[in-house]
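Visitor: In case you want the letters, here they are:
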Amino acid sequence: MTVFDSPYFHKTSKAAPLAVFRIFFGLMMGASIIRFWANGWIEKLYIEPSLFFSYYGFEWVKPFGHYTYSLFVICGLSALAVAIGYRYRLAIISFFLSFTYIELMDKTTYLNHYYFISILSFLMIFLPADRYFSIDAKRFGTSDIVPKWSIDSIKLLLGIVYFYAGLAKLNSDWLFRAMPLKIWLPGRYDIPVLGDFLHQEWVIYAFSWGGAIYDLCIPFLLLWKRTRLVAFVLVVIFHVLTRVLFPIGMFPYIMIVSALIFFDTKLHERIVDGMTKVLSVISSATRNLFSNEGSTNKEDGSLTTFEMTQKKELYPPLERFDVSRGRVRFKSPKWKLSLLTIFFAIQLLFPWRYLLYPGELFWTEEGFRFSWRVMLMEKAGYANFKIVDRTNDEVFYIDNSDFLTSFQEKQMSFQPDFILEYAHYLRDHFATQGKEVEVYVESFVALNGRRSQPYIDPSVDLTKQKETFKHKNWILPFKDEIKGI
Amino acid sequence: MKKAYLILGLIALLGVMLIGCTEDEGDVATDNFNRKAMLESWADNIIVPGYESYVSSLENLNAVAETFTSSPSLDNLSNLRTAWLDANLAWQKVAMFEIGKAEAITLINFTNIYPTNTDDLVSTIESGDYDLTSINKQDEQGFPAIEYLIYNVRETDQAIVDLYAQEMANHPYKIFLLDLTERLETLATSVLEDWKTGYRDTFVNNDGSEATSSVNKLVNDYIFYYEKHLRAGKIGIPAGVFTGSKSTEKVEGLYSGKSKELFMAGLDAMQAFFNGKPDSNLAAEGIGLKTYLDFVQDISEGEDLGELINAQFESARDQAERLSDDFSEQVESDNSVMLETYDELQKNVVNMKVDMLQALNIRVDYVDADGD
Chain A
1 MTVFDSPYFH KTSKAAPLAV FRIFFGLMMG ASIIRFWANG WIEKLYIEPS LFFSYYGFEW
61 VKPFGHYTYS LFVICGLSAL AVAIGYRYRL AIISFFLSFT YIELMDKTTY LNHYYFISIL
121 SFLMIFLPAD RYFSIDAKRF GTSDIVPKWS IDSIKLLLGI VYFYAGLAKL NSDWLFRAMP
181 LKIWLPGRYD IPVLGDFLHQ EWVIYAFSWG GAIYDLCIPF LLLWKRTRLV AFVLVVIFHV
241 LTRVLFPIGM FPYIMIVSAL IFFDTKLHER IVDGMTKVLS VISSATRNLF SNEGSTNKED
301 GSLTTFEMTQ KKELYPPLER FDVSRGRVRF KSPKWKLSLL TIFFAIQLLF PWRYLLYPGE
361 LFWTEEGFRF SWRVMLMEKA GYANFKIVDR TNDEVFYIDN SDFLTSFQEK QMSFQPDFIL
421 EYAHYLRDHF ATQGKEVEVY VESFVALNGR RSQPYIDPSV DLTKQKETFK HKNWILPFKD
481 EIKGI
Chain B
1 MKKAYLILGL IALLGVMLIG CTEDEGDVAT DNFNRKAMLE SWADNIIVPG YESYVSSLEN
61 LNAVAETFTS SPSLDNLSNL RTAWLDANLA WQKVAMFEIG KAEAITLINF TNIYPTNTDD
121 LVSTIESGDY DLTSINKQDE QGFPAIEYLI YNVRETDQAI VDLYAQEMAN HPYKIFLLDL
181 TERLETLATS VLEDWKTGYR DTFVNNDGSE ATSSVNKLVN DYIFYYEKHL RAGKIGIPAG
241 VFTGSKSTEK VEGLYSGKSK ELFMAGLDAM QAFFNGKPDS NLAAEGIGLK TYLDFVQDIS
301 EGEDLGELIN AQFESARDQA ERLSDDFSEQ VESDNSVMLE TYDELQKNVV NMKVDMLQAL
361 NIRVDYVDAD GD
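Residue numbers (the numbering used here), protein chains in the order written: chain A, 1 to 485; chain B, 1 to 372.
So that you can see chain B by itself, here it is in the shape it has in the complex (with noise of 0.2 Å):
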């Protein structure tokens, strides 16, 4: 009989156990690695300054833009190109972090579409009714679309200035350009007020190791940016790598040549994350991904994956150096550089997404299903 409750005491104790180790997360112990000053770091040293300096540059964007349109010149026009690229290459630095609000609002797919499709957007602009926060119109709004207007919309420079300065009521390519450097604007602002308004403390207090938790969402955002959008998007669809025939109107920075300078910017970006580091140019290596490969490779005295995942961006900067600064004419000429591009950066993909994650046993496209 005693035998008896003893089980089913055991049995009631499991279902107790069970209940309070699945709930209870809150009271979070540590091994050496402070996973939470990893995040702290991320979030106060990269992520908030990186939406800051974004933020600022989309403001200088809307004022010259202002300037421009009010008394269009070649003069600012050119100065509406620099400030449009200062606020890309800004862009470039954060787009990676499609986590929080950025997730929430798909942050990447209304900043950074292309190519644009520039018949509709024409339409959409003579039409003058409009709601870009339709997911229609994704491809027809932020950096490549006002890229077109002041770049292409027109055959010549003076032509475009020509467009702008026309005396009309209600000027819709105007208005247009307005509103899409607004737009990016209030995106970008959404999502650094909700990073100062709660969301850096839910990002860093979710330091526990589970699935949802913010270093494996973020490290799968991450490593998803480097696959889609900075191996595919910038130098793989272009170069016909999934098609087998090259498409040079799919480049980044289709008007305005400046591809490569995006690009590298995105990958500057990439490695300085890795490393912890706010910009690459620092020497300093900041509490990141490559610390923390270092931690767990102590453990299970693996080979130094850090070095190899460094060197391997080095590989590739290196070959992309060899790019011409506008992919659609390096697509055309000699597209074998591309496609040799996109090698060096696939072999960061196997390092990342295999070795990486299995290094920090993060679960990569975290499905929700039993394991074995």
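Next up, chain A with everything else stripped away, as it sits in the complex (with noise of 0.2 Å):
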């Protein structure tokens, strides 16, 4: 008897929103990736690039020149197979390796929505999200009933999201100093109506305030049906805001959909209704493709009939169903449970890392990354590479442009990681030139408003210290003081 065994883990949902949620989340990935496309990043981030900010121990992960493009040729076609629930568990495999791999090539581009969709999808491998309205149902077999877990699963996780990102807001920054939206928003001055407002000190301590109330209360609220369908309203309005005031990309939209989970089933199929209604109009064949013969949408929420229609298996559903005294039971595998409840633990834990590094985090960045830390810092820097060759004791500085794109040398300058790494780069690079050099960094960091401090040790030659994940001690310490979480 394990804690697989106990009841909550055979409950049953129907299999409605996770399909509704299928299906947004590929058209949105999809989308995704045709902008990235059309807005020329894949060239300018992936390919113009002479070098590549790696994560420590994927330093193997890098673009392939001119077939990058081919990388999100599959990533955006896995996405769509995902949407319209083609061979699901290949697509949404081949969609989190293909994204994740994109992700890891260079961590310049780093956003914490990219890998909230890395994880997402790695947790999408593992539920049914084809059973129902999708091709593959369609093909081997339709369920309208999923695990109920399966379904609680991406509400957990964009609990996560939410919630963390609210106790990462409470700090003295942002609580106290209003920062840095003291920085962004009288900047956005020219918003039509709400510009007016943004350079007036109630309302920026009124957006940091309710932000941070916001990021901590909304999973609560979406979870009780009483508030849900206020804090639905909240969750357009916030986004919507966010959208307006940031330059956050898809990011908003896709939390908006997402949301739609926390509903019951009966939205859901009156989404998949609507689909089923547009789709038959668009052609008969598509109709004929996606109808939804063998399902019943009962309104009591409990099950009634399914149907295991015993076509073809692509591969072995891993439920198993166990219909006894009329209720349908299902059995998910102890492996992929364990797994899941591993996969969310790690979750929990991760954002606390930066407790094991001394130091002030937004300072350092030890342990920054992967946390939610959202729009908490506007944090510039300069970097001065300082080369020392010992072959005849010649000193010169680097001019950053000619290795780095300006993105790349702007997100090096207060990242000590980036700064470790490209020192590293310029040591090889002046050793195939047959030098052998030492490197030293004159930077400066602006954290959140204040006057920009020394940030690097300059007397430290960075081709002496490894990266590795113990406190980077070449790392000046911070002169102030960040109170809070």
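Rather than coming from a laboratory, the hints here were simulated on the basis of the structure.
Some clues are possibly wrong.
Stretches of chain A that chain B covers, calculated by requiring three or more beta carbons in the stretch to come under 8 Å of a beta carbon on chain B [claimed, not checked]:
id, stretch
1, 184-191
2, 243-251
Example chain A residues on the side facing chain B (calculated, C-beta under 10 Å, incomplete) [to be verified]:
id, residue
3, Ser50
4, Leu111
5, Phe370
6, Val374
7, Glu394
8, Ser413
9, Ala446
10, Asn448
11, Arg450
12, Arg451
13, Glu467
Ideal placement from N, C-alpha and C gives every residue a C-beta, glycine not left out.
Put the two chains together into one complex, using the hints given.
Guide: Put into structure tokens, the structure is as follows:
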């Protein structure tokens, strides 16, 4: 008897919410890839640069020159296959791998949103999202029920993202200095109507506190049936505001659509019906493909019928149905539940790893990524690399634009792991010219409106330092204090 | 059922709002700081008058060059050199405004690329077959090439006069010299005309906060010029900051020995622009980056960055005063003064590029990518 035998893990839900989630996820990802391509970002971010900043341990992940486009083709097609539910498990695995590979190619482009997509698509590998209203279901058998935990797991992940983002805002810069919003909001004075207010102190503080409270509360408001609709209205307002105020691409749409998962089955079945109607209008052929024969939409929520038309199985379903005494129970494999338990344990613990490092998190950024620390910092830096050629004692400085794109230079200048990797790159670059060099950096960083301060110890030869998960003791201490989480 | 419609309605509303908000830039609200007034002041008090005096100095340069080529003499050569210097000094005041037409035609690359490639220059002149609009010819024209032709093309001043005085049909040096001075005037006039016939209004009306707004673009251009041209080009590169070995031949004003005068004019112009003044000698501060900084720092209660940046301009100037008139001589005799000047200039790169841009919420070298 383990925890996975408990009644919860046998509970079932209607499959429609998961199917709707799958469809919207796939479509949004497909659109994101097309948008990324259309904006010329593949070229600009993954082909033009001459070096790429790697995540520790993933130095082998690099773009493939012009073949990088094929990676995006795979990723985009996988997303669409996920949307229509065609060979779903293969498609979502392929999407997860290609998307994550893209994100690992250069950490210059790191965004919490991308990380969210990566882990969400990983989670979706293990969810039976293709069992209903999909091509797979049409071909291999449809089922309008899924394990309840599979829908809850998505809610949990969304809840973690919001709640941790809220926790991260509980610091003195955000709450009591209204930073960085005090820098960002007045700059958007030209937005119609709202612009007039964005330089007023009380408005800026209202945004800060409102944002923190929103993030902390929204998962619970969405979970509770009586506040759900209000919560969804808040979700829409919040994300529309962020979209209007900040350049954050597709993310607001993704979050708004994702939040639909919290609604009960009726809404999703109506969406499915709507989609079926639209599809049938478009072509009768598609109607045939997508029609949901065999599924019944009983409104009482308890499952009565389901159909597993065992045609040719592409792969056997991982969930076994257990019908007894008129009730349907799911048996999910233990390995799967164990794996997802570990996955969520990591999600819950990983953001706290910064506690293991000394110094101010915002300053050192040790443990900053992958922790839902969103919009917390306005940070800018300037890094001037000094090369000492040991062969002839010549000293000279680097023009960063010779090696880095302006985006890379900007990101590099205030993140210690970037600075170190770049210093090593410079060492290797000069080694190919037969020079044995020491690399020093004179750098200044300004954080959340404070005056710029020296950032890296200028007397440390960075070629002697190694990248590790340990604290980098060559980061100069932050001359201020930010209290809070 | 109602709920479903409400939710779908919300999503539709969201779509409409997003389209509305991203495309409706026309209705411009303002905070207390009037960016449009700043842009107007920049355009009407600094940039357009700057180009006007630059263009008139080039008209003079052309006239004097005509006189010299038609009657070469030591006096006329001396007048030509004065006219060259005046035009070059006028150029230093507008070189940082690489925006609009100037950006489109890369004015700076056809005006002041040094060192000039003297070997190519001479063979171009002697071949008589050239297209000055080609990017391959950028280092064979502009002020440095003219400078070579009027200061150094022969050993002595008399020999230079003699060269231009040679009796021959289609004298290649005369033709080329006049082509160069005319080209400078043509280019500068096209930029000035563009400002006067529409671009001024485009510039002033683009007073939003997005990355392509005039404030963001011009401030980025300004810092770029400070970093690449004033700090690196005029001081850092000849002092060997980026290579470890000094390059006396890479100074501006190599043949005239006027490096310091040109550099000082550039430094003054940059500080004057920072303070919103058309001329550094004017006492009154105009609407500009300094006043803008004062405004935003009232909101954020930050340090007085404007004062800090001005103070750093002053220390850079104090340090630069110690340089000799001819930087190639300075690099040769005591490069450390050059390096110290570079260090002082460097400090304001940090002040402006890190602190000022953060305070003004201007993205450096704007990259069109998503944020978090």
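Visitor: Next step is simple, just say for each hint if it's right about the structure.
Guide: Hint check:
1. 184-191: holds (count 7)
2. 243-251: Per the Cβ count (8), the hint holds.
3. Ser50: Violated, because the Cβ-Cβ distance from serine 50/A to chain B comes to roughly 16 Å (cut-off 10 Å).
4. Leu111: Constraint on leucine 111/A satisfied, holds at 5 Å.
5. Phe370: violated (12 Å)
6. Val374: holds (5 Å)
7. Glu394: Hint holds; glutamate 394/A Cβ to chain B Cβ min 3 Å, cut 10 Å.
8. Ser413: holds (8 Å)
9. Ala446: Interface hint status for alanine 446/A: holds (5 Å vs cutoff 10 Å).
10. Asn448: holds (9 Å)
11. Arg450: Hint holds; arginine 450/A Cβ to chain B Cβ min 8 Å, cut 10 Å.
12. Arg451: holds (5 Å)
13. Glu467: violated (23 Å)
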